[in-house]
Structures are given as C-alpha cells and as structure tokens.
Amino acid sequence: MLKMTSTVLKNLFSKSSTRMYPFEVREPFPLYRGELFNDIDTCIFCKKCAIKCPSQCITVSKNKENGTGIWTCDPFACVYCSICVDVCPTQSLHMKPNHRKPSATREMIDMTGKVKVPKKKAAPKKTE
Amino acid sequence: MARTIIPFGPQHPVLPEPLHLKLVVEDEIVREAIPALGYVHRGLEKLAEIRDFHQMIQIVERVCGICSMVHSLCYCQGIEEMMGIEVPERAKYLRTIWSELHRMHSHLLWLGLFADAFGFESLFMQFWRIRERIMDINEATTGSRVIVSVNVVGGVRQDLTPEQCSWILTELAQAEKEIKSIQSTILTDYTVCKRTQGVGVLSKEQAYELGAAGPTLRGSGVAQDMRQLKYAAFDKIDFETVVETAGDSYARSKVRFREAVQSIDLVRAAIAGLPQGDLAAPFKGNPEGEIITRVEQPRGECMYYMKGNGTKFLERVRIRTPTFANIPPLLAMLPGLELADVPVVVLSIDPCISCTER
Ligand code: SF4
Ligand code: SF4
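Chains as they are written, first to last, in our numbering: chain G, 2 to 129; chain L, 3 to 360.
Heads up, some of the hints might be wrong.
A few chain G residues facing chain L, derived, Cβ under 10 Å [claimed, not checked]: (1) T8; (2) L32; (3) Y33; (4) I45; (5) K49; (6) K53; (7) P55.
Pair by pair, the computed Cβ-Cβ distance ranges are [what the hints assert, rightly or not]: (8) L:L171 with G:T43: 34 to 42 Å; (9) L:N311 with G:Q57: 37 to 45 Å; (10) G:P98 with L:P37: 24 to 32 Å; (11) L:K24 with G:T106: 51 to 59 Å; (12) L:G200 with G:F38: 53 to 61 Å; (13) G:K115 with L:E51: 32 to 40 Å; (14) L:V42 with G:S104: 24 to 32 Å; (15) L:P15 with G:T91: 48 to 56 Å; (16) L:E134 with G:R101: 34 to 42 Å; (17) G:E66 with L:D138: 30 to 38 Å.
These aren't lab readings, by the way, just hints derived from the structure by calculation.
Everything numeric in this text was worked out from a predicted model, so none of it was measured.
Heads up, the beta-carbon is just placed ideally off N, CA and C, and yes, glycines get one too.
Produce the entire structure from the sequences given, and follow the hints as far as they go.
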C-alpha cells in the first residue's frame, strides 16, 4: 500500500479531478455529435437522410396538394452517427455540440416546411 | 462432503456484464463451473437481412461499445477485400491510430475494474482518470466518446489536422507519465500480488488447446497477436508482441498493462508516419463472395465471416468474438479455486458478454 502513498498525497492536495456537473459544465468539443437539427427552410424533402439512416428513425413525407413537407426524427431511436448529416445534399442537417435534454415522455422532432417547386430547367442545353 | 451449487451472476457486483456461472462448490472450493449464456442476445447478425451493407457498419459497432472501432474495422476490411477496394494509405494510418486508442482505453478500463474486483478502489479511480484523457481524444477528434463511427467501406470519415495530432501527442505524454506513476502499484503491490499470483493458472498447452485468445493466450506464453497479420498500417509500424509466461491472473493483467503502454508508442509511430492523401476510395457495386477476416481486439482475436450475393444486403454475417473463445479456458481455470478468488479470475479474462451473444 505504501507505493500508493505519493499518489494519494498528490490527490489530496491537488484540485478535484471531477466537476460539480450540473453547476459546472465543460465546454463541448466543436466536433461533438449532439442534438440533431434540421434547418427546414433549406430542406428539399429528398428522403436521402431517411434512406441512409442506419437506425431508420427519420421519416420524410411530402404533400403535393398543399405544398408542405414533414420531416420527423425519433431522437430516442437515433444513434447519433451523423450519417444523415453527411449525405444531405443541401446541408440542411447539422448537429449541435451539446447533449439533448433528458425527458420523461417520448418526444419526436416534427418539422413542417414548404416544398419548393423545382425550378423549370432554364433553356434546354444547347447541342453542339 | 456436501456439494452445493452457488449461482454466480448474472448480476454480480464485480461483473459489468451478465455472465452466469453455476459453481459446484465443496467446502468453499470450486469443483466445477457450468456457464449459462443468453441474457443479452440481441440478434444483430440477423439484421443484415434488412439493413444494407453500409448501414451494417453502425450495427456491428454496437456489438461491443469498448471495441466498437475494431469491430467496424474488421467488417470494413472484409467488404473491401470482397470488392477489391484499395484503401488509401492515410486512411490505414488513421484506422491504426483510433484502433490503438481503443485498445488503450479498453485496457485502462479493465485494469480499473480488476483493481476494484479485489477491493482496491483508489487504484480503480486512478486508472479511470487516465482513461478519461483517451476518451477526450476520441471525443475531440471524432465526435463521440465511445462509439466513434469513423470507418466507412473504403476508408475513414474523419481526418486529423496537424494541431489535433500535436494535441494528441501531448495528452498521450501526460497519460504515459500517469500510467508509469502507478506502474509499481499494480505490478508489485503486496495486495495485488497476493490476490493474483498463482491464482487461476492456465498452462501454455491448455491455453493453446482450449483456443484462448488475446491477453489470456499471451499471458500463458503463446506469442500470437492478430496484428502480426499486418492489417491497416501494422505492416509499416514495428511492434513486439507482449508475452508473459506465468499463465496466472497476474500475468494476464501484466500483459494488459504492458499493451496499454505499448499502444501509446504505436499511436506515436502512426502519427509520425501519417502520409498525406485521400480519406476514402470511391467504389461502385455490391459485395459478392465469401470472406473471413481477423483483427486483434483489445480482448483478443475477432473473426468475421461474411457472405455477399451481389445485392446490397449481405446473406450472412457471422461474428466470433474473443470472449467466446475465452470461456472454455475460464472453465478450465476455475476448478480448485477458493470461492473468494472466483470474481478475480472471471474478471481476468475480461469477459464481454454483449460481444459473445451479439
Ligand atoms: S437529406 Fe437533407 S434535404 Fe433531403 S430530406 Fe433529409 S434533411 Fe431534407
Ligand atoms: S444521426 Fe444517424 S441514427 Fe441519427 S438520424 Fe442521423 S443517420 Fe439516423
């Protein structure tokens, strides 16, 4: 046990290794994969994220009649792998570097946005 | 003498995972151990039928949290070999760096748990504090502390900048200093030696015949390490297999301790030799054929068998994990022990039951 003494003494006189968590929060690392968010204004409801997601927790639906699209994600099934962020063609998905708040009830991220009418292809390409 | 059957687990203070052993004891001496597995079976192999081969990467990572990176590395290597994809050199080095970081944090976690198993709580805290540095490196460089999710078929997703590399080196230097400062405690302390030396001996022949893997095998004097197969960047980085010959719990913990220190040097060598280049090779098509790949996990040899049929779903994925290989040696170690030594010996093979049952 004597071999530990120097380490133990050092620990006694140095500052604590742990944080008083809820009161003192460490700065998140910028790359941290925390909460998933969709910037619904730039989303084009292409369903790419829903197809590639390994846990299949995203559903995307488009309503052609009233021109709205719905993007839903089940954050309790999400495994925070950020595959969806990588594949989104418009970069409308991103991850915030902080944890999602705990919750006692099941929550879904529901987002509704306008479906942009795809622009008509301007002037057919000239053929040589 | 009356024989009694004592259940050990599935919930037991020293076991992080639900391993259940029925111990046949006679006057506190174990005569026989009968394992019962199947408490955390999740059917991950079956998922290959409804998730395509890219999505399976995230699934095999979840076979075991602690060796997640090494699982996906093995899986991706198999698919790459099946499809004939040439992985860029930089990706190979990055894979090496993260897999060695995983080995390090797994061994530090285990050393802490092991100290806790014979009641040395303050040593447990020391190891876990050092481990926290490695976890911070993982979090800062990949975005997640445990399941780093960096592998893709053909390469890796994340890159390391030169600043990150130098930060990793300073953190590792600090971690090395801290590990060295408690080296004498874990290796020569009276309490530790008393509880581990000569306890749960597995001879070299037994280890070989019962098919032990990883530190359990190397602790018994067989120098076999899957990194000798030269996957990832291990063909460029020289290392010496860590071997101990005593075959007892102490030898196994010494192997793990020395490997944790060795991993620091391997990460250093990989960072020093990190070449420039692409992160992932582009490819087209679906895997077809059969393949077996093997890598060295922190706990030992891990083997993947995969069968592709040209569609995006794999026909069969079979995973054999090191703990599964280590259960027969464990059952050979237990007879003749005192009941109080059982937790220490069970822990000395580093059981990971989620791996075993997938
Ligand atoms: S991939 Fe991006 S643009 Fe497409 S549906 Fe998902 S969030 Fe919207
Ligand atoms: S982070 Fe991963 S699991 Fe979560 S929604 Fe995106 S792809 Fe799906």
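Legend entry - Those earlier numbered hints the structure runs against, lowest number first: Of the numbered hints given earlier, those the structure breaks are 4, 5, 9, 10, 11, 16, 17, listed in rising order.
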